[in-house]
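For the record, the sequence lines run as chains A and B.
Numbered according to this note's numbering, the first sequence spans residues 50 to 262.
Numbered according to this note's numbering, the second sequence spans residues 53 to 418.
Hints should not be assumed to be uniformly reliable.
To be verified - Result set (PhoX-like, lysine-lysine): computed pairs, CA atoms no more than 25 Å apart in a straight line:
id, chain 1, residue 1, chain 2, residue 2
1, B, K364, A, K83
2, B, K364, A, K80
3, A, K80, B, K370
Said to hold, decoys possible - For each label pair, taking beta carbons as the anchor points, the in silico distance ranges come out as:
id, chain 1, residue 1, chain 2, residue 2, range
4, A, N116, B, P304, 46 to 56 Å
5, B, L217, A, M106, 25 to 35 Å
6, A, M106, B, G273, 50 to 60 Å
7, A, F207, B, N270, 30 to 40 Å
8, A, L225, B, N210, 29 to 39 Å
If you're looking for bench data, these hints aren't it; they were derived computationally from the structure.
Quick reminder that beta carbons are idealized off the backbone N, C-alpha and C, glycines included.
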Amino acid sequence: MIGAIIGGVASIAGGLFGSSAAKKRARAAAKEAKRLQNKLNNLEENRQDIVNPFQDMSAMISNPFANLSVATGAAEMKIEEADISLANTLDTIRSTGASAGGATALAQAALRSKKGVAASIEMQEKQNEDKRAAGEKQKQDALMQEGQRVQQGEAWEFAQREQRQMQELDRTAAMLGASRQAQAQAQSDQTGAMTGMFGSLAGIGGALLANGK
Amino acid sequence: MENKNLFQNLYLKQFNESNAIAYNERFVSGSSDYNFQLLDNAYRDVGRIYAKLKIAIETNNCMSEDCALELTGIKNLEESPQASLDFLSSLIAELGVTEESSFDLNNNYKYTAANSLMNGRPGFSKTDGYQAYLDLLPDGSQQIVFLGPAFETPLVINSAALNALLESDTSLVVSTPDINKDMLRLLTEVGLFAQDMIGENQELTATAKITEEYVMMNTDGSFDYEIIDLGNGKGRNVLKYDLEKIEKKVTPFINAEVAGLMSSEQDVIAAWNVYISKDTSVEEDAQMAQNANAGDTSWIYELDLPLQQDKKVLFEIKYKEYFMNNYLKQFTTNQLPTVKEDAAVFDLAEAKKAKAQKFLDDNDLN
Numbered sequence: 050m051i052g053a054i055i056g057g058v059a060s061i062a063g064g065l066f067g068s069s070a071a072k073k074r075a076r077a078a079a080k081e082a083k084r085l086q087n088k089l090n091n092l093e094e095n096r097q098d099i100v101n102p103f104q105d106m107s108a109m110i111s112n113p114f115a116n117l118s119v120a121t122g123a124a125e126m127k128i129e130e131a132d133i134s135l136a137n138t139l140d141t142i143r144s145t146g147a148s149a150g151g152a153t154a155l156a157q158a159a160l161r162s163k164k165g166v167a168a169s170i171e172m173q174e175k176q177n178e179d180k181r182a183a184g185e186k187q188k189q190d191a192l193m194q195e196g197q198r199v200q201q202g203e204a205w206e207f208a209q210r211e212q213r214q215m216q217e218l219d220r221t222a223a224m225l226g227a228s229r230q231a232q233a234q235a236q237s238d239q240t241g242a243m244t245g246m247f248g249s250l251a252g253i254g255g256a257l258l259a260n261g262k
Numbered sequence: 053m054e055n056k057n058l059f060q061n062l063y064l065k066q067f068n069e070s071n072a073i074a075y076n077e078r079f080v081s082g083s084s085d086y087n088f089q090l091l092d093n094a095y096r097d098v099g100r101i102y103a104k105l106k107i108a109i110e111t112n113n114c115m116s117e118d119c120a121l122e123l124t125g126i127k128n129l130e131e132s133p134q135a136s137l138d139f140l141s142s143l144i145a146e147l148g149v150t151e152e153s154s155f156d157l158n159n160n161y162k163y164t165a166a167n168s169l170m171n172g173r174p175g176f177s178k179t180d181g182y183q184a185y186l187d188l189l190p191d192g193s194q195q196i197v198f199l200g201p202a203f204e205t206p207l208v209i210n211s212a213a214l215n216a217l218l219e220s221d222t223s224l225v226v227s228t229p230d231i232n233k234d235m236l237r238l239l240t241e242v243g244l245f246a247q248d249m250i251g252e253n254q255e256l257t258a259t260a261k262i263t264e265e266y267v268m269m270n271t272d273g274s275f276d277y278e279i280i281d282l283g284n285g286k287g288r289n290v291l292k293y294d295l296e297k298i299e300k301k302v303t304p305f306i307n308a309e310v311a312g313l314m315s316s317e318q319d320v321i322a323a324w325n326v327y328i329s330k331d332t333s334v335e336e337d338a339q340m341a342q343n344a345n346a347g348d349t350s351w352i353y354e355l356d357l358p359l360q361q362d363k364k365v366l367f368e369i370k371y372k373e374y375f376m377n378n379y380l381k382q383f384t385t386n387q388l389p390t391v392k393e394d395a396a397v398f399d400l401a402e403a404k405k406a407k408a409q410k411f412l413d414d415n416d417l418n
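Using the sequences provided together with the hints, build the complete structure.
So, in structure tokens, the structure goes:
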């Protein structure tokens, strides 16, 4: 039946259908390779970012004691109180006609009080300086640790990316390789089918030439 | 608007598959002539033409300067048998798509009729009013012409045009992508299943389950079950899944799958018309195809190519829905607990009582 439709000798019809099936397989394999390539391109373009759990957080490290202030409010109040107390006492001494020696003693007491306040401020400043230095050391230690952690993270991120890329490349190569192999096989089948038809073709060509002479 | 291709293709498909012709007395009582003899007819006068050209060249009686036209004519004729075979085999491969089970009925119905003729199907003989010619054209290309009752107007296909289409990875008749195969493979690629759940055939095993990473847990690390009513006062636990997390995980893979399909927009339309548009499957009876398949929401090859962006977006959305509803859902519903003691059937009333008591205990309400 097929021979009657196509015409020529019988082997042509058989060869044609064999060749068309091979062509169809070759086209399907080529199409599949194209689809896979597009899919993999999309996966590569849109893959999720690798989140580095070791990301640099050194900007968050600071010395909490860097800017400690001295609590001078209380000291100033204490000085003020001493001055008021001195003034009041002097007024009393004057109104009661007490001796000048009492006034001198009072003035010395006031001076002592002020010296005590100054010493307290100095002590606070010293303590703050110590804290600042300790805080700075802690900060440097933390920065050092963070630096090491960040280096670890970079190595991890590199390894992850490398692993992921290798997986995708391997997969791409495997799938595309398979598709192209299928395509090549189908093309080879097609050539085989065509070769089978050449005998028949020679028939047509021979007749053509024979008529031509 | 009436979709002529859909109706005609459906008719031809049913006609070819129904065996109705066996009950046609006129057909049974007469003989049918399938003697189209495409090659014999095409090459009948070729010998004479070839001889004339050859003689003209050899006797220096050419019509054209330096015998250019005659030499070209000789070359075309010498190459034509091979070209005929190439053309016919490509054509048969293309028309063969109309026989695929998932063939999109929105393709041009004339190709279905041409395939029936090329395969000598009952009802498509010369006796039934059909005819086919292969013509060798002066420019070296060839054309095949199909005529007959199913064609209304002749179907003409030129070899150069067909070659150009095939070279540019375009099909005359589009083969619908195997969505079922693609989605079964996609299931193994979306990262929800452990490697040991994938069989040698690269599909999920019968016992495959989504990994526990996507199962809802209580704060104490135990599974957060949903209780289903089995009837007769009995119930059982089933796993609850973090659907939001699952969707987030699978979306990039689905998008990549769609991007792959978009490498051929013809394929996208075929997949849309046959499967995606109305959630249909290829197993549905052909009789239902008219209503069940895309039908009036079909995308038309002649009108909708190249695909507009809104259609691409719509396809991506519906493709995802199709995958989630028809392939992934079975793994997120009615999944029994992996902990043996939690998997047993229990008394619903007792379970409710125990749950209420646990609530009272947890909230210090006793």
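*Hints breached by this structure*: Failing hints, ascending: 5, 6.
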